[in-house]
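Colleague: Sequence:
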Amino acid sequence: MTPDLRLIRYFVIVAEEGNVTRAAERLHISQPSLSAAIRQLEAQLGVELLVRVGRRIEITPAGELLRERGRELLDQADAVVDEVRDRHEAGASRLSLGVSPTARYGVAQRLLVACTTHVPAVMLYTVENTTGALLRDIARGRLDLAITFCAPDPPPGAELLLLHDEAAIVHLPSQHPLAARAQLTLQDLEDQTILLAATDDSHGFSNRVLSAFAAAGIAPHTLADPYPDLGLQAVRENLGIVIYPRSAFPAELPGSAFLPLTPPVRMPFHLAYRTPPKTSALRSVLAVAQALNRPPGSDSPETVKG
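In this note's numbering, the protein residues as written are 18 to 323.
Don't take every hint at face value.
Claimed, not checked - DEER-style ranges, computed between Cβ atoms: (1) P78 to S47: 55 to 61 Å; (2) R153 to P194: 51 to 57 Å; (3) L82 to G158: 21 to 27 Å; (4) T77 to A138: 45 to 51 Å.
The set of hints was computed from the structure by calculation and includes no laboratory data. The beta-carbon is built from N, C-alpha and C at its ideal position, and this holds for glycine as well.
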């Protein structure tokens with residue numbers, strides 16, 4: 018009996034994760050159901066694929082072969098499905114694009130305008146979320162693309178394409194004593210309260226700020242931002258100041274001052290996606306994104322692989 022693709026997919030995910038519990042979470046099924054499916058697959062093939070050694074699982078030689086060839090088979094099947102769907106769309110394709118709130122005014126608008134100009138047949142549907150949540154959705158296949166901010170390493174099977182690398186500014190109330198300065202240093206901020214992200218899903222930003230202070234030999238006073246608005250309300254209430262990209266804020270923001278920081282603290286925006294990109298629509302958007310941030314004299318921008 019030839020097993021169906023569902024059972025092969027289940028086994029390949031278990032083999033990739035090396036753990037039944039993590040594989041069950043990734044597949045969104047219960048652990049007992051997944052274990053039963055693996056036993057069913059072994060019975061259909063008449064071979065042992067996994068061996069339990071204490072609390073660990075080891076893949077048998079037959080299992081290693083199925084993991085390698087099974088992944089190839091699944092990728093081919095997914096490619097066929099994508100091709101059929103692409104043809105059904107008759108040239109117009111839909112992609113889901115996650116956006117970090119930090120990117121909504123600057124980076125996201127640049128990418129959307131460029132895609133409208135160069136790939137008008139591709140329809141991008143956007144949803145906002147934190148960088149950590151966006152990367153999880155990319156890993157689970159719930160999003161096609163995601164614009165991240167100060168992202169950590171990408172999840173396995175995904176890549177980060179650099180879209181924009183911006184020198185952060187200091188955002189503080191316009192009546193703040195430091196607001197009259199032409200520019201600020203980290204030493205100028207030693208006695209100030211520095212607002213950081215309140216959730217682990219944005220820890221890449223917080224780590225970048227803290228690392229800059231640590232490199233300068235400064236242990237800053239910090240406060241987890243009590244509002245989910247990039248520090249806008251907290252700065253307005255004089256709870257602290259924010260080191261953040263200027264592009265994250267509207268062009269006009271009464272009551273706020275934005276000062277350059279020297280030496281600069283750079284904060285990157287990346288486009289996350291699963292590899293390899295399987296649809297022509299996804300490849301087209303990636304080509305547009307690459308053109309937005311191609312370094313002078315380079316054939317391709319920086320990418321980070323998971």
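Colleague: If a hint holds in the structure, say so; if it doesn't, say that too.
Modeller: We went through each hint and held it up to the structure:
1. Remark: the range hint 55 to 61 Å for P78 to S47 is contradicted by a beta-carbon distance near 29 Å.
2. Evaluation of the 51 to 57 Å hint for R153 and P194 yields a failure: the beta carbon distance comes to about 42 Å.
3. Between L82 and G158 the C-beta distance comes to about 25 Å, which sits within the given range of 21 to 27 Å.
4. Restraint check, T77 to A138: a C-beta distance of roughly 47 Å satisfies the suggested window 45 to 51 Å.
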